[in-house]
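J.: Given next are the chains, with one letter for each unit.
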Amino acid sequence: MSPMKLCVPGERLCSTEDCIPGTGTDLRHGYIFATLAGYVLRKNEGEELPVISVVRETEAQLLPDVGAIVTCKVTSINPRFAKVHILYVGSTPLKDRFRGTIRREDVRATEKDKVETYKSFRPGDIVLAKVISLGDVQSNYLLTTAENELGVVVAHSEAGAQMVPISWCEMQCPRTHAKEFRKVARVQPEYLQA
Amino acid sequence: MDTVHARFKEKIGEVLLPGDVFSFRLPEDGDGDGNNIKTEKIICGPGFRRNGEEVQVCKSGILRHKQPNLYWIDSQQRRYVPAKGESVIGIVTAKSGDIFKVDVGGSDQASLSYLAFEGATKRNRPNVQVGDLVYSQFTIANKDMEPELVCIDSCGRANGMGVFGADGLLFKVSLGLVRRLLAPQSEIVKDLEKIFPFELVVGMNGRVWVKAKTVQQTLIVANLLETCENMTSQQRQTLFRRVAEGSL
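From first to last, the protein sequence lines stand for chains H and X.
For the first sequence, UniProt numbering begins at 1 and goes up steadily by one.
For the second sequence, UniProt numbering begins at 1 and goes up steadily by one.
Read the hints as simulated data drawn from the structure, not as lab findings.
Nothing here was measured: the structure is a model prediction, and the numbers come from that model.
Each hint should be verified, as a subset may be incorrect.
[Said to hold, decoys possible] Capping the alpha-carbon separation at 27 Å, the derived lysine-lysine pairs in DSSO-like fashion look like this:
| id | chain 1 | residue 1 | chain 2 | residue 2 |
| --- | --- | --- | --- | --- |
| 1 | X | LYS84 | H | LYS179 |
| 2 | X | LYS172 | X | LYS101 |
| 3 | X | LYS101 | H | LYS83 |
| 4 | X | LYS95 | X | LYS172 |
| 5 | H | LYS83 | X | LYS172 |
| 6 | X | LYS172 | H | LYS112 |
| 7 | X | LYS101 | H | LYS114 |
Generate coordinates for the entire structure from the input sequences, incorporating the hints supplied.
T.: Spelled out as C-alpha cells, the structure:
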C-alpha cells in the first residue's frame, strides 16, 4: 500500500487506466474523483488494477443497512414517534451516533392504532430494532420493533433500578415492585448471561 | 403482632420530613414455626416510596390515615405538576395550526387540539382566542412528553368544560386549599355561600376564578379565599360573619 494521502471531495485522484474506483470515489470523464474527505487507500486486490478508495478512518465504518438489527437508546418520545440514537449495528459499536425514528405504527405488529408510545418506550431505554429505511437527506433512519425478538431490552424504573421483564408488555422494578409498561423484546436464551 | 400498623399509627398527625424511614424487617422467629407473623396489607398513598423492605417518606407534611389501612402525607405545595385526569384552568397563549398552546402553570405548556371541543369539526372551528380561559382535562401528562388537554369527556360531551370567563377574576392559591375547596362537603364553600351568591371555578393547578354581581363583591370573595388558607375554621367563621355584617 502506498503511504496515506489526504484528499477532499472533488479532488481528482487518478485516471481509470491506473486504478478501479472503490468506496468514496466517483468515475467521471475517464478520471477518478474523490467524494469524501479522508485518506486515499490503494489496495491490490489480485486483479490487474489496484482499487482506489477514500476512507474517513483507517478502518472502514460499518453503516446500518436495510434489514440490519441495531441496538439503540431512546432519547425522546412523542405521541407519534420515538427518537433514538443508534449505538451498535449487529455486535459492532459505532463511532458516531446515528439518529433513528420509531414511528407509532411500527412499534407492534398487531393493534397498531392502540399503541401508546409512553407505554412502549421511555427515554433512556435500550432497544433492539430493525432498519426498514435509510431515509433521505433530512430524515433519520426509520426503525421498527414489530417482531417478538425486537423491543426494549434494558430499562430503568422511576426509582433508578434496572427492571426485570415479566411479560411482553410489562417490566417490574425489583426495589419498589412497581410495574411499568414497555414493549419488551423476547431475547433468545443463548444470548442471556446467567 | 401489629407492628406494622402500630408504627404508622404512632405518627399519625405528626410532621414527617423526607428521609424518615419505616423499616419492616421481619423479626427473628425464636421457635421456628413462622406462625406468629401475620401478613398485613398497608396502602401507601402520595408522599411515600417503597425501597425494598423499607418505606421512605419523600415529601414533608403531616401523616394522615383513613380506615382501614390507607396512609398518606398531606403536603403543601404551590407548584403544580400535571397529572392525567385532572381538570385545570388554562390560559391560551398561542394558536399554531391545529392546536392551541395553553399555559397550565406547570413546567411545560400543554397542547389542546381544536377538535377536542364539543361539536367541533374541521369546518366548524371553536371560537377560542389568545388570552381566553379554558377549563379542561389532561389526557397525556407525564414527565417525558408534552402534556395534552381535551375539553370533552370520553363520550364526546363538554360536561362543563370549555372556554369561560367573560368577566370575573382569576387568581392563584396553593394546592392544599384547592383540594379543600373541591372536597365533597367543603366547609369553606358552604360558609362563603351564605354571604352572597357568586360563580366559582376551581382548577386543580391552583387557579381559581370568581365572579359575583359587582366588582366589589368579586374582590371581597377573592380576598377571603386567599386569606382562609392559613386559618382555622373558627377564625374563618368569625371573619366571614364580620364581612357579612359589614357588607349588608
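J.: Output the indices of the hints that this structure fails to meet, ascending.
T.: Violated hints (numbers, rising): 5, 6; every other hint is consistent with the structure.
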